[in-house]
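Residue numbers (UniProt numbering), protein chains in the order written: chain A, 1 to 123; chain B, 1 to 290.
Because the hints were derived from the structure by calculation, they are not lab data. Since we're looking at a predicted model, the values are computed, not measured. Just so you know, even glycine gets a beta-carbon here, dropped at the ideal spot from N, CA and C. Check the hints yourself; a few may be wrong.
[As the list claims (entries may be wrong)] Per label pair, the in silico range of CB-to-CB distance:
{"id": "1", "chain 1": "A", "residue 1": "Glu9", "chain 2": "B", "residue 2": "Asn70", "range": "41 to 49 angstroms"}
{"id": "2", "chain 1": "B", "residue 1": "Pro87", "chain 2": "A", "residue 2": "Glu32", "range": "51 to 59 angstroms"}
{"id": "3", "chain 1": "A", "residue 1": "Val99", "chain 2": "B", "residue 2": "Asp173", "range": "46 to 54 angstroms"}
{"id": "4", "chain 1": "A", "residue 1": "Val99", "chain 2": "B", "residue 2": "Lys5", "range": "50 to 58 angstroms"}
{"id": "5", "chain 1": "B", "residue 1": "Ser283", "chain 2": "A", "residue 2": "Ala92", "range": "35 to 43 angstroms"}
{"id": "6", "chain 1": "B", "residue 1": "Thr212", "chain 2": "A", "residue 2": "Leu25", "range": "29 to 37 angstroms"}
{"id": "7", "chain 1": "B", "residue 1": "Ser283", "chain 2": "A", "residue 2": "Ser123", "range": "44 to 52 angstroms"}
[Stated by the list, open to error] Under 7 angstroms between C-beta atoms, here's a sample of chain A residues computed to sit facing chain B:
{"id": "8", "residue": "Leu11"}
{"id": "9", "residue": "Gln14"}
{"id": "10", "residue": "Lys42"}
[What the hints assert, rightly or not] With the C-beta cut set under 7 angstroms, the calculated list includes, among others, these residues of chain A facing chain B:
{"id": "11", "residue": "Thr8"}
{"id": "12", "residue": "Pro10"}
{"id": "13", "residue": "Pro35"}
{"id": "14", "residue": "Thr38"}
{"id": "15", "residue": "Ser41"}
{"id": "16", "residue": "His45"}
{"id": "17", "residue": "Ile46"}
{"id": "18", "residue": "Asn47"}
{"id": "19", "residue": "Pro48"}
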Amino acid sequence: MQFNFDSTEPLYLQVADQLEEAIFLNSFQEGEQVPSTTEISKQFHINPATVLKGMNILVDSGFLEKKRGLGMFVTTGANDKIRTKRQDEFYADFVSNLVSEAKKLSLPETAIIEMVKRGFERS
Amino acid sequence: MNAIKVTHLSKQFGKQTVLADINLTIEPNTIYGLLGRNGAGKSTLLNLITNRLPSPAGMVTIGGGNVTNNDALLNRIYMMSEANLYPSRMPVSEIFKLTADLYQGFDKDYADALVAKFELDPRTRFNKLSTGYRSVMKLIIALAVDVDYVFLDEPTLGLDANHRQLFYEELIDSYAERPRTFVISTHLIEEIANVIERVFVIQDHRLMINDTTENVLQEGYAITGPSTEVQTYTEGLNVIGRESLGNLLVQYVYGKLDNDREIPDTVTVSHIDLQKLFIYLTSQGGHREI
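Given the sequences, and given the hints that come with them, work out the whole structure.
The structure is reproduced here in structure tokens:
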């Protein structure tokens, strides 16, 4: 797990995002236990309350579940859920930025579509 | 467990006002950062709260009980500071014993474990310790005493990067193991920013900020863009500092933005980190031209 923090977003949201990314990339497998709040706080020098707040977002989204006395575990189906969530957010996260930047640069729609096609062909 | 309440605390040294009418509450089980420029009055505040200095004006209470000369209440507080209160020729191990006698519940095993981790030789006499190792020794005591409130005044003084990292880890570990309150006064804001839940900023002898770190960071903005657009957008807002590079201007704002104002395409609004925010909040009319 690699944490990169910046100041643009509240820290607890960054904790949630980074954990979500780690689950999505299978750094933590479904059914597997994730590090405890204390372990994460200790390693990244983050207040345990902040880490917990971030983890609870993932619990609310159904990506993590709390097993009493044991700790936090990745739920079954978490990976699919994260994929669906990100697909839903794709327009807001990427397409609207792409279009607004394209407009700033006076790039027409056709040119953008052409570039997207090129991108798909290359990968 | 009860909160510490500080009401109308003031202090003067001669004619010099060091603290003016400080009011604040220190809640149980919370990690606080106490920030301020040199000479702002941080150490004085900590010395007053812990009853190391007499407070001629104002009051400090724990659960309603005045702490002044109240040993039972003062035993729930520990303060680590630059002051060297130990017999200079006493070895570290003897200092630990002395502390164990004074503070019931001193965790000797934990102290020993920390001594090993920090590679401190317990046979060394106090006056033979380097500045860094004096801090290490005091930190070990501060973490090992069984109290509800720990005040750390410049805990990382003289510590190298490895020891600072170890300290932050041990602090969090110890806090998770046995939740209690830490109030940490430091100039190394970047290192502590994510650790502290709440922040006090003292400026011009007064309490300027008393809020959660999250809220403070949410209120700090950098507005970047062409000079005219940025000035129009930030007009009437609480601008605490600015930087300019040719026609490009960054205005730092603390407080709410005007949501009714449209942000021009050429202007970017972003948040800033705690250290930068602190620098601009505590320097008068900070304008840096590059």
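Quick rundown of the hints versus the structure:
Taking the beta carbon of each, glutamate 9 (chain A) and asparagine 70 (chain B) are about 45 angstroms apart, inside 41 to 49 angstroms as hinted. For proline 87 (chain B) and glutamate 32 (chain A), the Cβ-Cβ distance of about 54 angstroms falls inside the hinted range of 51 to 59 angstroms, so the restraint holds. Between valine 99 (chain A) and aspartate 173 (chain B) the Cβ separation comes to about 48 angstroms, which falls inside the hinted range of 46 to 54 angstroms. At about 55 angstroms, the beta-carbon gap between valine 99 (chain A) and lysine 5 (chain B) stays in the expected band of 50 to 58 angstroms.
Between serine 283 (chain B) and alanine 92 (chain A), the C-beta spacing of about 38 angstroms keeps the proposed range 35 to 43 angstroms intact. Distance hint for threonine 212 (chain B) and leucine 25 (chain A): a CB-CB separation of about 31 angstroms, consistent with the stated range 29 to 37 angstroms. Between serine 283 (chain B) and serine 123 (chain A) the beta carbons are some 49 angstroms apart, a value that agrees with the proposed interval 44 to 52 angstroms. At its closest, the beta carbon of leucine 11 (chain A) sits 6 angstroms from a beta carbon of chain B; the interface hint therefore holds under the 7 angstroms criterion.
A distance limit of 7 angstroms between C-beta atoms decides the matter here; for glutamine 14 (chain A) the minimum to chain B is near 10 angstroms, and the interface restraint is violated. For lysine 42 (chain A), the interface hint holds, since its Cβ comes within 7 angstroms of a Cβ in chain B; the closest pair sits about 5 angstroms apart. Checking threonine 8 (chain A) against chain B by beta carbon gives a least distance of about 5 angstroms; that is within 7 angstroms, so the hint holds. Because the beta carbon of proline 10 (chain A) sits about 6 angstroms from the nearest beta carbon in chain B, less than 7 angstroms, this interface hint is met.
Of the supplied interface hints, the one on proline 35 (chain A) is violated, with its beta-carbon coming no nearer than about 13 angstroms to a beta-carbon of chain B, more than 7 angstroms. Nearest Cβ of chain B to the Cβ of threonine 38 (chain A): about 4 angstroms, under the 7 angstroms cut. The hint holds. Below 7 angstroms, beta-carbon pairs count as interface contacts, and serine 41 (chain A) has one with chain B at about 5 angstroms; its hint therefore holds. Proximity of histidine 45 (chain A) to chain B holds as hinted, the smallest CB-CB distance being about 5 angstroms (cut-off 7 angstroms).
A hinted interface residue such as isoleucine 46 (chain A) counts as satisfied when its beta carbon comes closer than 7 angstroms to some beta carbon of chain B; here the least separation is about 4 angstroms, so the hint holds. Nearest Cβ of chain B to the Cβ of asparagine 47 (chain A): about 5 angstroms, under the 7 angstroms cut. The hint holds. The closest approach between the C-beta of proline 48 (chain A) and any C-beta of chain B is roughly 6 angstroms, which is under the 7 angstroms cut-off, so the hint is satisfied.
When the structure is compared with the earlier hints, violations turn up for hints 9 and 13 and for no others.
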